Amino acid sequence: MIGLSLAMVAAVAAVMALTDHGPDSIVRHLYLVPTVCAALTRGAVAGGLIGALAGLLHAPVVLPSVERAGLTSQTLDGLLSLGFPALAGLLVGYLTDERRAHAARLDAILAIQRRLADPGSLQEALAEAAEALRVTLGARRVALLVGHDVQTAALASVPVGTLVDPDSAGAFTLATGQTVASRDLRDDPRFPGERGLAPSPIRGVTLPLASGAGRIGVMAVEWAGEVTRGTRAAAEDLALHVGLAVENVRLTLRQRRFTEELEEKVAAATARLRELDQAKTEFLSVVSHELRTPLTALQGFSELLLRSTLPPDKAHRCLVYLHTEACTLGRIVGELLDLSRIEAGRPLELHPERVELDALLERNVELFATEHRRHRFEWTAAGSGLALRADPDALDRMMKNLLSNAVKYSPRGGRVLVSAAPAADRPGMVEVAVEDDGVGIPADQLPRIFDKYVRVAHPDTAAARGLGLGLSLVKALAEAHGGRIEVESLPGKGSRFRLLLPGVDREF
Amino acid sequence: MLLLSAPFDPAATAPPRGPRGALAVIAGLTGLLVAGGGGWALVGPGPAGAGRAVILGAVHAGLIAVGWVLTTGTAPGWHRPVFRLGLAMVLASLAAGLVPWGPLALALMPLVLLVEASGHPRLRALGLARSRIGYAALGLAAGAFLGAHLLVTASLTFGYHVGRVGAHPYASALAYDAGANVLSAEWLFRGAVFSALWRRGGFWPAALASTALALVRYLLDPALPHAPEARAGAVFYLGLVGLTACALRAWSGSLLPGYLAGLGFFGAYRLLTP
Numbered sequence: 001m002i003g004l005s006l007a008m009v010a011a012v013a014a015v016m017a018l019t020d021h022g023p024d025s026i027v028r029h030l031y032l033v034p035t036v037c038a039a040l041t042r043g044a045v046a047g048g049l050i051g052a053l054a055g056l057l058h059a060p061v062v063l064p065s066v067e068r069a070g071l072t073s074q075t076l077d078g079l080l081s082l083g084f085p086a087l088a089g090l091l092v093g094y095l096t097d098e099r100r101a102h103a104a105r106l107d108a109i110l111a112i113q114r115r116l117a118d119p120g121s122l123q124e125a126l127a128e129a130a131e132a133l134r135v136t137l138g139a140r141r142v143a144l145l146v147g148h149d150v151q152t153a154a155l156a157s158v159p160v161g162t163l164v165d166p167d168s169a170g171a172f173t174l175a176t177g178q179t180v181a182s183r184d185l186r187d188d189p190r191f192p193g194e195r196g197l198a199p200s201p202i203r204g205v206t207l208p209l210a211s212g213a214g215r216i217g218v219m220a221v222e223w224a225g226e227v228t229r230g231t232r233a234a235a236e237d238l239a240l241h242v243g244l245a246v247e248n249v250r251l252t253l254r255q256r257r258f259t260e261e262l263e264e265k266v267a268a269a270t271a272r273l274r275e276l277d278q279a280k281t282e283f284l285s286v287v288s289h290e291l292r293t294p295l296t297a298l299q300g301f302s303e304l305l306l307r308s309t310l311p312p313d314k315a316h317r318c319l320v321y322l323h324t325e326a327c328t329l330g331r332i333v334g335e336l337l338d339l340s341r342i343e344a345g346r347p348l349e350l351h352p353e354r355v356e357l358d359a360l361l362e363r364n365v366e367l368f369a370t371e372h373r374r375h376r377f378e379w380t381a382a383g384s385g386l387a388l389r390a391d392p393d394a395l396d397r398m399m400k401n402l403l404s405n406a407v408k409y410s411p412r413g414g415r416v417l418v419s420a421a422p423a424a425d426r427p428g429m430v431e432v433a434v435e436d437d438g439v440g441i442p443a444d445q446l447p448r449i450f451d452k453y454v455r456v457a458h459p460d461t462a463a464a465r466g467l468g469l470g471l472s473l474v475k476a477l478a479e480a481h482g483g484r485i486e487v488e489s490l491p492g493k494g495s496r497f498r499l500l501l502p503g504v505d506r507e508f
Numbered sequence: 001m002l003l004l005s006a007p008f009d010p011a012a013t014a015p016p017r018g019p020r021g022a023l024a025v026i027a028g029l030t031g032l033l034v035a036g037g038g039g040w041a042l043v044g045p046g047p048a049g050a051g052r053a054v055i056l057g058a059v060h061a062g063l064i065a066v067g068w069v070l071t072t073g074t075a076p077g078w079h080r081p082v083f084r085l086g087l088a089m090v091l092a093s094l095a096a097g098l099v100p101w102g103p104l105a106l107a108l109m110p111l112v113l114l115v116e117a118s119g120h121p122r123l124r125a126l127g128l129a130r131s132r133i134g135y136a137a138l139g140l141a142a143g144a145f146l147g148a149h150l151l152v153t154a155s156l157t158f159g160y161h162v163g164r165v166g167a168h169p170y171a172s173a174l175a176y177d178a179g180a181n182v183l184s185a186e187w188l189f190r191g192a193v194f195s196a197l198w199r200r201g202g203f204w205p206a207a208l209a210s211t212a213l214a215l216v217r218y219l220l221d222p223a224l225p226h227a228p229e230a231r232a233g234a235v236f237y238l239g240l241v242g243l244t245a246c247a248l249r250a251w252s253g254s255l256l257p258g259y260l261a262g263l264g265f266f267g268a269y270r271l272l273t274p
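As they're listed, the protein sequences go chains A and B.
Take 1 as the starting number for the first sequence in my numbering and just add one per residue.
Take 1 as the starting number for the second sequence in my numbering and just add one per residue.
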């Protein structure tokens with residue numbers, strides 16, 4: 001288009017020269033056509049130059065007439081027409097440049113916001129934004145430093161490979177929010193160091209990236225050569241938009257992370273609910289089975305006693321069976337009632353009193369030793385007269401559950417060791433430990449074994465009966481006493497349950 | 001990227017600038033040479049034109065020396081290259097004024113200046129850098145166009161004659177422009193003044209100030225015709241040439257395109273005779 005404009009100017013000049021037009025010829029206005037064309041297509045510089053060229057080419061027509069005729073209205077008109085094309089070219093070109101710069105700025109803002117709105121990673125998005133800024137601002141270098149601390153902030157620069165000095169102008173702007181502008185970075189005393197001047201100045205500016213939450217980074221731009229006020233203003237505008245866009249990205253990423261965490265939690269909760277549902281289903285099945293077994297025995301022995309006259313010794317044996325199964329039924333019903341209380345959030349009814357631990361442990365160990373002859377039960381107590389303040393019935397149920405658990409999970413027999421002693425690591429507490437050398441508990445199951453309905457699956461213990469409530473009841477009862485229960489276990493080596501309860505001198 | 005990689009001290013201020021002592025020394029020596037040359041021209045023995053040649057050489061040497069000192073400052077030993085250049089300029093001017101092939105010595109002054117400047121990296125700030133061939137051609141074309149325009153306008157308007165200059169005087173004038181007139185103007189006004197002002201501000205203030213200073217230098221030149229239309233023409237055309245050279249210096253980063261523009265313009269101007 002510049003070539004065409006030049007050709008048109010030359011053509012107008014040729015027409016003026018060949019046809020001997022005067023200084024105020026109407027043809028001179030044709031100079032405006034290539035001038036405005038150049039201004040519209042290439043901006044103020046081209047428009048001004050083509051206009052100046054037109055004026056210069058018109059001068060050999062105007063000036064001789066001025067010399068001949070002096071200042072008349074015609075020659076004055078001719079003189080004015082020397083500068084008019086240049087002025088018109090500059091004005092139209094200036095407006096064109098402004099419009100283009102505005103459009104380019106808007107395009108850049110949209111491109112940056114679009115890119116930052118869908119960040120694969122913030123670093124990549126910042127690098128693309130920096131390149132878009134460099135092109136839009138006609139800069140030599142652009143860097144975006146995003147973060148609150150210069151040492152940890154994310155950096156994207158074009159060209160890549162910029163190192164950040166903690167005492168640099170960028171760090172200063174990040175720390176204070178103040179803009180730093182330099183007309184020539186190599187000749188600025190605020191940037192100490194002997195660098196040698198380049199033929200063209202290196203202009204630079206650091207602008208804070210701000211959002212509603214305050215400073216979130218710095219935009220640094222370096223130009224080689226001339227920088228117009230418009231370009232500088234564009235940089236400030238773009239820094240404002242980049243700050244908001246980056247803040248949006250950070251909020252989006254934060255929201256995305258929050259959503260992902262929430263989804264994970266919902267998924268985990270859903271899985272847990274499924275497990276509980278499954279466990280309850282299994283629990284119902286097990287409860288039915290557990291209730292049916294003693295009921296069947298009760299039914300069978302009672303019918304036998306009703307229908308036939310048995311010898312006294314046989315009748316007595318039937319009554320013993322009936323009593324045992326009734327006790328089993330009672331224990332199951334008791335556990336279910338406790339479970340119901342726990343699930344309803346009602347406190348367990350406890351009647352604390354002084355309990356001599358020796359007698360309780362001895363009684364339970366002997367009871368289990370009698371019933372489970374494949375196991376070898378041992379118990380020790382640290383001195384005589386060890387006592388607790390507890391509900392004797394609840395304490396008895398806790399011991400029975402722990403011993404039952406030890407027996408159940410050492411199906412091939414083995415040693416079950418029960419010990420009682422003041423807790424060394426918790427003054428005022430008494431520790432009752434039940435240790436077996438059974439199948440043990442995998443590490444990943446340990447956090448869940450005190451949950452309701454949880455039974456650790458193991459091929460050797462699959463046939464064992466149980467509701468999966470024992471340990472959760474022990475835990476609830478221990479906590480109701482102000483104590484706690486802990487477990488240590490190694491698969492294949494056995495488990496050690498440690499029941500901690502308040503000593504006789506402590507209230508709960 | 002200096003904004004991020006270089007240390008920054010917000011409280012630092014510029015050290016006091018202005019090699020006033022050196023400028024006074026240069027002005028004094030130039031004045032002495034000009035006075036000496038003037039005295040020689042008036043009363044001294046020897047060939048005619050020697051005094052004028054000394055004056056011309058001293059003035060252009062002084063302009064180049066000022067540009068040198070403004071750019072490099074007065075580090076120890078600053079005077080040696082400056083005095084060498086000044087001596088070379090005066091001798092070349094004398095040779096041009098006295099010997100038939102003497103203008104050749106003047107034409108070689110740009111090379112002498114480049115060789116002397118090559119050992120001083122700070123002089124790169126003047127624009128001592130390579131230029132793209134396009135910028136160089138653009139400079140030559142712009143200068144030639146303005147010169148041609150001057151010829152047409154002056155001949156049509158004032159009846160000046162074109163081309164009635166002998167080959168030797170024309171070549172001598174061209175050598176003077178290449179080795180002294182245009183060289184010292186580009187070196188000082190575009191190289192030192194414009195570059196320094198541009199570095200501290202925008203293009204237009206720097207270009208207008210340096211061009212105004214260059215115009216003052218030309219208007220004070222006794223060799224310029226004293227006719228009003230000639231002075232008005234000088235202001236117009238040298239203003240355009242000066243602004244064009246500033247633009248070329250800024251775009252290209254080199255003094256060469258502006259220097260070629262000046263040569264192109266004066267190459268045409270030397271064809272003009274009243």
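If you are wondering where the hints come from, they were derived from the structure by calculation, not from laboratory data.
Here the structure is a predicted model, which is why all the values come from computation and not from measurement.
Any given hint could turn out to be false.
Said to hold, decoys possible - Pairwise CB distance ranges (calculated):
no.	chain 1	residue 1	chain 2	residue 2	range
1	B	ALA24	A	LEU87	40 to 50 Å
2	B	THR273	A	THR228	40 to 50 Å
3	A	ARG114	B	THR74	21 to 31 Å
4	B	PRO228	A	ALA7	34 to 44 Å
5	B	HIS168	A	ALA69	32 to 42 Å
6	A	ALA213	B	ALA24	57 to 67 Å
7	A	ALA224	B	LEU208	15 to 25 Å
8	B	GLY119	A	ALA69	38 to 48 Å
9	A	GLN74	B	ALA24	53 to 63 Å
10	B	GLY119	A	HIS21	36 to 46 Å
11	B	ALA14	A	GLU264	23 to 33 Å
12	A	ALA69	B	PRO228	43 to 53 Å
13	A	LEU87	B	LEU87	44 to 54 Å
14	A	HIS21	B	GLY36	37 to 47 Å
Beta carbons are placed, not taken as given, at the ideal position from N, Cα and C, and that holds for glycine.
Right, here's what the structure says about each hint:
1. B:ALA24 <-> A:LEU87: 40 to 50 Å: Check passed, 44 Å falls within 40 to 50 Å.
2. B:THR273 <-> A:THR228: 40 to 50 Å: holds, 44 Å
3. A:ARG114 <-> B:THR74: 21 to 31 Å: violated, 56 Å
4. B:PRO228 <-> A:ALA7: 34 to 44 Å: holds, 37 Å
5. B:HIS168 <-> A:ALA69: 32 to 42 Å: holds, 40 Å
6. A:ALA213 <-> B:ALA24: 57 to 67 Å: Holds, since ALA213 of chain A and ALA24 of chain B (Cβ atoms, about 59 Å apart) stay within the stated range.
7. A:ALA224 <-> B:LEU208: 15 to 25 Å: Since the Cβ atoms of ALA224 of chain A and LEU208 of chain B sit about 22 Å apart, the hinted range of 15 to 25 Å holds.
8. B:GLY119 <-> A:ALA69: 38 to 48 Å: violated, 59 Å
9. A:GLN74 <-> B:ALA24: 53 to 63 Å: holds, 55 Å
10. B:GLY119 <-> A:HIS21: 36 to 46 Å: violated, 58 Å
11. B:ALA14 <-> A:GLU264: 23 to 33 Å: violated, 59 Å
12. A:ALA69 <-> B:PRO228: 43 to 53 Å: At 18 Å between Cβs, range violated.
13. A:LEU87 <-> B:LEU87: 44 to 54 Å: holds, 49 Å
14. A:HIS21 <-> B:GLY36: 37 to 47 Å: violated, 56 Å
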